Amino acid sequence: MKQFIVFIKKEFAHVLRDRRTLLILFGLPVVQILVFGFALTNEVKNSRIVICDYANDESSHAIIRKIEASEYFDTEKITLSYSDIEKSFKEGKIKAAIIFPLNFDNDLQHLNKAQIQIISDASDPNTGNTINNYLSTIIADYQRQMMDNIKIPLRVTTEIRMLYNPQLKAAHNFVPGVMALVLMLVCVMMTSISIVREKEMGTMEVLLVSPYRPILVILSKAVPYLLLSLVNVATILLLSVFVLDLPIVGSVWLLFLESILFIITSLSLGLLISIRAKTQQEAMLISMMGMMLPTLIFSGFMFPVENFPLPLQIISNIVPARWFYIIVKTVMVKGLGFSAIWKETLILTGITFFLLAVSLKNFKKRLE
Amino acid sequence: MEEQVIKVEKLTKRFGDFTAVDEISFEVTKGEIFGFLGANGAGKTTAMRMLCGLSIPTSGAASVVGFDVYKQTEDIKKNIGYMSQRFSLYEDLSVIENIKFYAGIYGLTNKQIKEKSEELIERLGLHSEIKKLVGALPLGWKQKLAFSVALIHSPQIIFLDEPTGGVDPVTRRQFWEMIYEASAKGVTVFVTTHYMDEAEYCNRVSIMVDGRIEALDAPRKLKEKFNVSSMDEVFYMLARGAKKAVI
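Chain order of the listed sequences is A and B. Residue numbers for the first sequence follow numbering that gives the first Met the number 0, beginning at 0 and rising by one. Residue numbers for the second sequence follow numbering that gives the first Met the number 0, beginning at 0 and rising by one.
In short, the hints are calculated from the structure, not lab data. Model, not experiment: these values are computed from the prediction. Heads up, a few of these hints could be off.
Unchecked claim - Only pairs whose alpha carbons sit at most 35 Å apart, straight line, appear in this in silico DSBU-like list of lysine-lysine:
1. A/LYS1 x B/LYS131
2. B/LYS110 x A/LYS198
3. B/LYS70 x A/LYS8
4. A/LYS364 x B/LYS220
5. B/LYS184 x A/LYS277
6. B/LYS77 x A/LYS1
7. B/LYS115 x A/LYS8
8. A/LYS360 x B/LYS70
9. B/LYS130 x A/LYS277
10. B/LYS130 x B/LYS115
11. B/LYS110 x A/LYS8
12. A/LYS1 x B/LYS110
13. B/LYS6 x B/LYS77
14. B/LYS6 x A/LYS198
15. B/LYS110 x B/LYS70
16. B/LYS6 x A/LYS8
17. B/LYS220 x B/LYS184
18. B/LYS9 x A/LYS360
19. B/LYS29 x B/LYS184
20. A/LYS364 x B/LYS29
21. B/LYS130 x A/LYS364
22. A/LYS198 x B/LYS113
23. B/LYS131 x A/LYS8
24. A/LYS363 x B/LYS115
25. B/LYS184 x A/LYS8
26. B/LYS131 x A/LYS277
27. B/LYS130 x A/LYS8
28. B/LYS29 x B/LYS77
29. A/LYS364 x A/LYS1
30. B/LYS9 x A/LYS364
31. A/LYS363 x B/LYS220
32. A/LYS198 x B/LYS29
33. A/LYS277 x B/LYS70
34. B/LYS9 x A/LYS363
35. B/LYS220 x A/LYS198
36. A/LYS360 x B/LYS77
37. B/LYS77 x A/LYS277
Model the full structure from these sequences, guided by the hints.
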């Protein structure tokens with residue numbers, strides 16, 4: 000036991016002394032969260048729009064006030080001319096235009112049905128779509144308010160349901176994704192590099208000749224990175240709650256337990272790579288290419304897995320990050336308990352055991 | 000009767016069809032400096048790995064410090080020291096941290112670690128350098144430190160795997176003085192080397208060719224036997240007959 004502590008102390012010394020390692024370890028999650036949170040977001044904030052209000056009545060004013068109050072839109076101007084709208088679009092000044100027809104309020108009150116035209120710039124389809132959704136949500140919200148006041152049902156023309164993410168917050172998608180990515184990167188790359196470094200330096204030989212058991216060498220490599228990764232999980236969660244305003248709906252403990260499972264998965268992957276790789280560069284390349292890309296592509300955090308062609312969907316099943324992503328999303332965003340994620344947990348556990356078994360077997364073989 | 004700390008009898012290691020070590024037999028006496036020579040690929044490393052308890056032999060018998068290489072590898076590991084060509088120190092740890100780490104994983108008590116490290120620093124005259132990172136030390140110092148660290152748990156035998164590779168002649172000379180010092184204290188030294196002038200420093204040498212020991216005696220006697228003036232020539236005459244080895 001004392002030997003174990005001596006070894007772990009040494010591992011921490013390696014990590015804390017290497018500025019580059021420290022930077023990757025603690026800078027990476029912060030940078031990722033901030034970049035994804037503020038720069039790469041597909042959220043549309045402060046989009047400029049034109050409002051064209053032919054109705055100029057109570058209802059149209061109420062809706063315009065609601066739109067102007069939203070942080071997503073800035074009203075560029077209010078106009079009555081179609082050509083003006085077209086000009087603004089062509090100049091790229093605005094992202095959308097809203098047109099209220101004449102007798103809007105009258106139609107709504109007496110025919111129980113009124114129309115609003117939304118024109119959006121679809122040259123960037125994602126942005127266009129998002130803006131449409133935001134505007135429709137605001138209008139639908141107004142309709143609901145009206146329904147509360149009067150008994151006669153008003154015709155709801157847009158049927159929009161956005162479960163769990165009514166504001167279409169991108170953070171809901173990327174925080175779990177960043178967690179998977181960072182843990183994968185830290186655990187796989189750092190452990191494989193640190194083990195391969197011992198091989199390169201020749202210190203591994205000395206460790207193997209010492210009475211310190213080989214399996215303990217591996218364990219003492221894993222424990223520090225497990226602890227450091229948990230610090231990373233905490234950092235990401237704190238950033239998401241306090242900087243991105245994304246609350247943790249479900250149990251924090253469950254989230255940490257599942258993270259530990261995923262960290263162990265990643266550690267065993269790192270171990271496997273370290274057994275195969277001969278140099279630190281090789282270990283790093285395999286970790287980057289072999290882990291980063293599949294995690295980005297197949298976890299479902301950037302591209303929905305459902306849209307993949309079938310062969311790729313099948314491949315995505317063996318990417319551990321995919322399951323972890325679902326687990327984190329379910330617990331953190333939807334707030335569901337273990338009963339909702341037992342299947343994913345089971346699959347992840349299976350993958351972990353498989354990887355551990357393969358790497359330990361390989362490790363023993365290498366010792367021979 | 001002198002005490003035999005290494006006894007090897009018909010020790011063999013096969014990897015599939017390839018016989019890396021072919022029925023070698025020898026004995027090493029306590030306190031002896033035993034040179035283990037051979038070209039690359041002659042089977043030196045494989046033989047040494049078996050003696051260090053890292054690799055289980057295919058057949059034959061061997062004991063190191065009285066422990067069996069098949070069953071008592073853990074006991075062997077506790078009683079031997081090991082140092083390789085690469086010195087095996089952590090360059091990003093300081094001198095004192097390296098000493099404490101190796102002493103620690105050999106299970107020395109805190110009191111022992113303190114005593115041993117003080118004694119070691121005293122002997123090497125490293126007082127002003129203990130907080131320095133090992134990476135900043137000159138090569139010769141690293142080598143001396145690595146050797147002393149390999150002896151920190153007072154092993155009965157120390158295995159040196161090409162310990163002087165890439166080191167200048169003066170440093171090599173100083174290093175051999177340390178080896179003699181250790182040997183005088185009763186530590187058995189088992190050393191592999193490529194340098195034939197170093198072979199002359201050994202009490203006895205064995206020369207491996209194609210997995211077999213082709214010659215084993217004191218350097219002086221070997222030279223007489225082959226009727227040549229240097230170990231270099233002895234080695235060359237033997238290694239020339241090799242089929243697999245690369246000279």
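#### Entry: Restraint status (C-alpha distance of B/LYS130 to A/LYS364 at most 35 Å)
Measuring from Cα to Cα gives roughly 39 Å; hence the hint is violated.
### Holds or violated: A/LYS198 to B/LYS113, with C-alpha atoms at most 35 Å apart
holds (29 Å)
### Message
Does A/LYS1 sit within 35 Å of A/LYS364, going by the straight-line distance between their CA atoms?
### Response
Measuring from Cα to Cα gives roughly 28 Å; hence the hint holds.
### Query
A/LYS364 and B/LYS220: Cα distance at most 35 Å?
violated (42 Å)
### Message
Next pair to validate is B/LYS130 with A/LYS277; report whether the Cα-Cα distance is within 35 Å.
### Response
Answer holds: B/LYS130 to A/LYS277 is near 31 Å, not above 35 Å.
### Task
With a cut-off of 35 Å on the C-alpha distance, tell me whether B/LYS131 and A/LYS277 pass.
holds (29 Å)
### Task
For the pair supplied as a hint, B/LYS6 and B/LYS77, confirm whether the alpha-carbon distance does not exceed 35 Å.
It holds: about 18 Å lies between the C-alpha atoms, which stays within 35 Å.
### Query
Is the hinted pair B/LYS220 and B/LYS184 satisfied, with a Cα-Cα distance of at most 35 Å?
holds (26 Å)
### Query
Taken at face value, is the distance from the CA of A/LYS8 to the CA of B/LYS6 at most 35 Å?
violated (38 Å)
### Task
With a cut-off of 35 Å on the C-alpha distance, tell me whether A/LYS1 and B/LYS131 pass.
holds (25 Å)
### Query
Holds or violated: B/LYS29 with B/LYS77, Cα cutoff 35 Å?
holds (17 Å)
### Straight-line alpha-carbon gap B/LYS9 to A/LYS360, limit 35 Å
holds (30 Å)
When each numbered hint is compared with the structure, violations occur for hints 4, 5, 16, 21, 31 and 35.
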